[in-house]
Structures are given as C-alpha cells and as structure tokens.
Amino acid sequence: MTSAHRIGTEPGKVTRAIILGVVGLLFAIPIIAMIQFTFRDGLGGGLTLDHWTGLFGEDAARTYRSLFQAIGNSAVLAVVTVAIVLVILLPTMILVHIQFPKIKRVLEFICIVPITVPAIVLVVGLAPVYSVVVKLFGSGAWTLAFAYGITVLPYAYRSIQANLDAVPVVTLSEAARSLGAGWVTILRTVLLPNLRRGVLAACFISVAVVLGEFTLASLLNRVNLQTALLQISQSDPYVAVIFAFLALLLVFVLLLLIGRLGSLQTRSVGRNRKES
Amino acid sequence: MQSPKSRGTGAVLGLLPFSAYVILFLAIPTVLAVGTGFFTEDGAFTLDNIVGVFAPNVLSTFGNSFFVSAVTAVIGAIVGALVCYALLGTKAEGALRTIIDSLSSVLAQFGGVMLAFMFIATLGNQGLITKFIFETFGVNIFENGQWLYQVPGLLVVYLFFQVPLMIITFMPALSGLKATWAEANATLGGTSFTYWTRIAIPVLAPSFIGSLLLLFANAFSSYATAAALVSQGAPIVPLQIRSALVSETVLGRENMAGALALGMIVVMIIVMWGYSVLQSRTSRWQK
Chain A
1 MTSAHRIGTE
11 PGKVTRAIIL
21 GVVGLLFAIP
31 IIAMIQFTFR
41 DGLGGGLTLD
51 HWTGLFGEDA
61 ARTYRSLFQA
71 IGNSAVLAVV
81 TVAIVLVILL
91 PTMILVHIQF
101 PKIKRVLEFI
111 CIVPITVPAI
121 VLVVGLAPVY
131 SVVVKLFGSG
141 AWTLAFAYGI
151 TVLPYAYRSI
161 QANLDAVPVV
171 TLSEAARSLG
181 AGWVTILRTV
191 LLPNLRRGVL
201 AACFISVAVV
211 LGEFTLASLL
221 NRVNLQTALL
231 QISQSDPYVA
241 VIFAFLALLL
251 VFVLLLLIGR
261 LGSLQTRSVG
271 RNRKES
Chain B
277 MQSPKSRGTG
287 AVLGLLPFSA
297 YVILFLAIPT
307 VLAVGTGFFT
317 EDGAFTLDNI
327 VGVFAPNVLS
337 TFGNSFFVSA
347 VTAVIGAIVG
357 ALVCYALLGT
367 KAEGALRTII
377 DSLSSVLAQF
387 GGVMLAFMFI
397 ATLGNQGLIT
407 KFIFETFGVN
417 IFENGQWLYQ
427 VPGLLVVYLF
437 FQVPLMIITF
447 MPALSGLKAT
457 WAEANATLGG
467 TSFTYWTRIA
477 IPVLAPSFIG
487 SLLLLFANAF
497 SSYATAAALV
507 SQGAPIVPLQ
517 IRSALVSETV
527 LGRENMAGAL
537 ALGMIVVMII
547 VMWGYSVLQS
557 RTSRWQK
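Taken in order, these protein sequences are the chains called A and B.
The first sequence: position 153 = 153 (this note's numbering), numbered continuously.
Numbers in this note's numbering are just positions in the second sequence, counted from 1, shifted up by 276.
No lab work stands behind these hints: they were computed from the structure.
Each hint should be verified, as a subset may be incorrect.
[Unchecked claim] Output of the computed footprint for chain A on chain B, the stretches with three or more beta carbons under 8 Å from beta carbons of chain A:
(1) 285 to 292
(2) 295 to 302
(3) 327 to 337
(4) 502 to 514
All C-beta atoms, glycine included, are put in the ideal place defined by N, C-alpha and C.
With the sequences and hints as input, model every part of the structure.
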C-alpha cells in the first residue's frame with residue numbers, strides 16, 4: 001500500500017478524508033433530517049417523543065391498523081417471493097450448471113432482462129395478466145409475489161451464480177453420484193451446504209427488494225408497506241417517516257449481513273486454497 | 277441407476293417450471309405492454325397511439341426524462357467515481373468499505389418512496405435545511421416556486437440514488453487496476469500523472485462510460501421516488517404512464533400507456549445494449 005501510495009496511484013490520507021468527508025456530509029444531511037423529523041412537535045419547532053411513544057400506545061393497533069396490515073402483506077410477499085426463488089430459480093440454476101452448461105448464457109440473459117424491462121413498463125402488461133391471476137387464485141395479497149419473483153431475478157441470480165462459480169459443483173456432484181448417491185441426496189447433503197451463502201444472500205436481497213417495492217403494488221392497486229407509507233404520509237407524516245426510517249434500517253442490516261456472508265466466503269475459499 | 281438418456285429427459289422436464297414461470301410473468305407482460313400500443317380499446321390495429329407519442333406534449337416529457345437522466349447520470353458518475361477513488365487502498369473487507377457498500381445498495385436500489393420522504397424532511401417547506409437557510413441567511417429557497425416537487429427537485433433527489441449506484445458498479449473496475457501496472461509505470465520512469473493519463477484512465481474509460489449508461493437507464497426507468505414527490509402533472513415518462521393507466525375518464529388511455537412503454541423500452545434496450553458492450557470490454561482485462 002505504501003509503495004502504491006508513493007507512485008501516486010492511491011489517494012493520500014488528506015485527499016481521501018476530504019472526498020469522503022464532503023460526500024459523506026451531503027449524504028448524512030437528509031438522513032439526519034429524516035430522523036429529526038420523527039421528533040418534531042408539529043410546526044412549532046420543538047422536539048417531542050410523542051410520535052414514537054404513540055406507536056406503543058393503547059390506540060396504536062387501531063389507529064395504524066391499515067399500516068400494520070400493509071406490513072403483514074409485505075412480510076407475506078417477502079416469504080412467497082423467497083419461496084419462488086428457492087423452488088423455481090435455484091433448482092433451475094443448479095440443473096443448468098450441471099446438465100446444460102451450454103444454455104448458461106441464455107439463463108443469464110433471461111435473468112438480466114428485468115433490468116431492461118423496468119417495473120413501470122412491466123406493469124402495463126401485468127395488469128391484464130393479473131386479471132387472470134385473480135380469477136385463478138383470488139385477490140389475496142400474496143399473489144403479487146408472482147410479479148416480485150421476476151423483479152428479484154437479477155439480484156437473486158447474481159448472488160447464487162457467484163456461489164455456483166466459486167464451488168466445483170460439477171466435480172462434487174459427480175463424486176457423490178459415483179458413490180451411489182441419488183439426486184435428492186446430492187442436492188441435500190452436498191450441493192445446498194456448499195451453496196448456503198449464495199442462497200442466503202439471494203434470500204436476503206429478495207426480502208430487501210420486496211420491502212422496498214412500490215411501483216407494481218401501487219399501479220396494480222395492491223397494498224404493501226410502501227403504498228401504505230405514501231397513503232399514511234398524507235394524514236400522519238411522522239408515523240410514515242418513522243416506518244420509512246425503520247424499513248431503511250432493516251434493509252441496511254440485511255445488506256450488511258449479505259456483505260458479511262460475501263467476505264466470509266472469500267476468506268474461507270482463500271483458506272482452503274492455502275491448505276491444498 | 278438411471279440410464280443417461282432417461283436422466284436427460286428428466287432433466288429437460290426440470291427446466292419446465294422456470295420456463296413456464298418466466299413466460300407467464302415476464303415474456304407475456306412484456307409483449308402485452310409493448311403490444312397494446314398498437315391497438316385501440318376495441319382491439320383494432322392502429323398506429324394512433326404510436327403517433328401520439330410524437331405529440332409535442334409527450335415529446336417534451338421524453339425530453340424531461342432525458343434531461344433528468346443525463347444530468348443526474350453525469351454528476352452521479354463523476355461524484356461516484358471520486359468516492360471510489362478515495363476508497364482505493366482501503367481494505368475491501370474493512371468496516372469502512374462494508375458500510376459504504378451496504379449503505380450504497382440501500383440508497384441505490386431500495387430507496388423509492390423513502391427517499392422522497394427524506395427530502396421532504398430536508399428541503400420541504402418545513403425542511404431542516406429550508407428552515408436553516410431561511411433563519412441564517414433570510415433566503416426562502418422556494419421564492420421562485422415549489423421546485424422540489426418538479427423537475428429540478430428530481431435532479432437533486434435522483435442524485436441520492438445515482439451516486440451510490442455508481443459506487444457499487446464502478447468500484448470493482450477501479451479496484452481491478454493491477455499494482456503491476458503502477459510498478460511498470462514507475463520502473464519506466466513514469467509519474468503519477470502519466471500513470472493516470474496513459475494507463476488508468478484509458479483502461480477505465482469503457483467501464484466508466486458503461487456505468488454512466490447504467491445510471492442513465494436507472495434514472496430513466498425510476499418511478500417510485502418521482503411518484504411520491506410529484507403530485508401534480510406528469511413531467512417525466514414514468515409518471516405519464518401512471519396517468520395513462522389510472523385515468524378513468526379518457527377511454528383508450530391504457531393503450532396510450534402501451535405506446536409510452538414501447539418508447540421507454542426502445543430507449544432502455546439501446547442504452548443497456550451499449551452498457552453490455554462496454555461491460556464485456558471491461559471484463560476482458562479484469563480476470
């Protein structure tokens with residue numbers, strides 16, 4: 001590092017501190033303003049804890065019923081979306097990796113498509129699709145997860161694929177097969193334990209995406225956390241901002257955990273290499 | 277033990293659930309979204325909606341969308357690249373990088389409505405900074421109108437997901453610069469200036485422009501933040517799609533939404549194609 005610094009390819013301590021300080025400050029201001037907002041006492045300018053304590057008051061369950069229901073909807077959507085990732089995407093990715101390496105590029109392309117077809121475009125075509133979905137499955141909040149499974153594809157794909165590429169999946173499964181293991185055994189005792197981190201990261205990021213999703217829910221007239229936040233912000237902006245802040249915090253922690261998973265992974269791979 | 281052939285058929289069957297799912301919820305909606313633009317409410321073929329996209333008022337929303345996306349992409353890319361540069365030499369697994377990474381992901385990908393709230397608390401009528409500026413300098417930042425809830429506001433707010441997105445996408449390229457290149461430069465008598473101008477910047481250029489395109493696409497297709505912030509009018513294309521979708525008074529507006537969606541997707545395909553071309557040029561030397 002010092003040699004790189006001497007050649008001038010890395011910033012000096014002062015330069016780094018100035019850049020990170022200025023940008024960090026600019027990004028800290030809105031976050032601080034958001035937190036400060038939750039303590040504001042009306043337009044008067046004083047500070048109060050009322051908005052926070054109000055959440056635990058006797059009437060809270062009744063006053064914020066629609067909000068809590070929306071949080072429930074988002075939680076259900078997160079669970080069903082994760083199930084779609086685990087039951088539909090994950091087996092397909094393993095199958096393609098082991099049996100059809102030739103169509104890996106096709107699968108990658110499909111999984112990246114939702115970036116090019118943004119939610120605001122997809123929703124135009126999802127409206128008629130959902131009129132069929134409602135006839136088949138009813139109008140339960142969970143049905144929106146079918147669309148969310150598509151939204152999370154690029155993120156979930158990337159997390160799982162990074163893990164698939166880092167583990168000798170083909171060799172492992174062939175070794176297990178030559179010892180007489182069936183596919184279910186291979187999947188359960190050999191592949192999944194090795195893919196645990198990638199799969200976990202895919203689940204976390206799917207939860208994060210679902211908790212933050214607004215476009216599809218709003219334009220398909222569904223209720224989730226984000227649409228409820230916007231709705232409640234008209235009548236009780238303080239509570240809306242409190243929950244927005246908590247949601248951001250939760251997503252931040254989820255992503256921090258993903259980051260930890262990732263660094264644990266590289267560290268253990270490095271260690272294995274050294275041993276061998 | 278199964279014979280290889282029967283395993284083959286079983287394996288092909290294994291691809292069915294995913295294929296069916298993607299066809300039902302990705303392919304069909306995309307085709308419908310783009311296709312409805314070519315039909316009237318009654319299902320007759322028409323080019324009226326497509327022609328409608330070229331009406332002056334619709335073209336001006338496309339113009340606004342281009343403007344917002346381009347300005348925030350350029351500023352976001354430059355500021356984001358500066359932050360990446362500042363992070364060079366810090367440990368990739370250290371606390372600083374991990375926290376900046378996670379925070380960037382939160383703001384870049386999951387902000388939406390919450391980002392709009394943040395800015396209403398900061399720069400709204402009663403915002404922390406609005407009041408601070410008024411009390412300290414006696415300046416009312418909204419003297420010339422409520423710009424936060426219009427296109428200029430979008431410029432400010434969008435930067436708060438553009439800069440983080442740049443940090444996430446550009447950091448791998450920047451940290452992929454090889455120490456040996458710097459050493460070679462130094463051995464041959466090069467300075468820090470020649471290192472950046474002759475080696476690093478030319479090598480990073482495709483990746484930088486690629487990230488810039490991704491930022492453009494990101495702002496162009498962003499909906500939630502604008503929907504939460506802009507309550508009157510539809511100055512950008514995604515909001516125009518909203519008003520076409522939710523309007524109950526004007527018949528056939530849903531087909532107009534289709535035509536707008538087609539317009540958006542054409543732009544997205546061109547931009548994302550450019551991104552993937554530049555990205556593949558970058559990955560050539562990254563490994």
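For each hint, the structure was consulted:
Under the rule that three or more residues need a Cβ within less than 8 Å of chain A, the assignment of the segment 285 to 292 of chain B holds, with 3 such residues. Look at the segment 295 to 302 of chain B against chain A: 5 of its residues bring a Cβ nearer than 8 Å to a Cβ of that chain, three or more, so the hint holds. Check on the segment 327 to 337 of chain B: 0 of its residues sit with their Cβ under 8 Å from a Cβ of chain A, so the three-residue criterion for coverage is violated. With 3 residues having a Cβ less than 8 Å from any Cβ of chain A, the segment 502 to 514 of chain B passes the three-residue criterion, so the hint holds.
Consistency note: the structure conflicts with earlier hint 3 alone.
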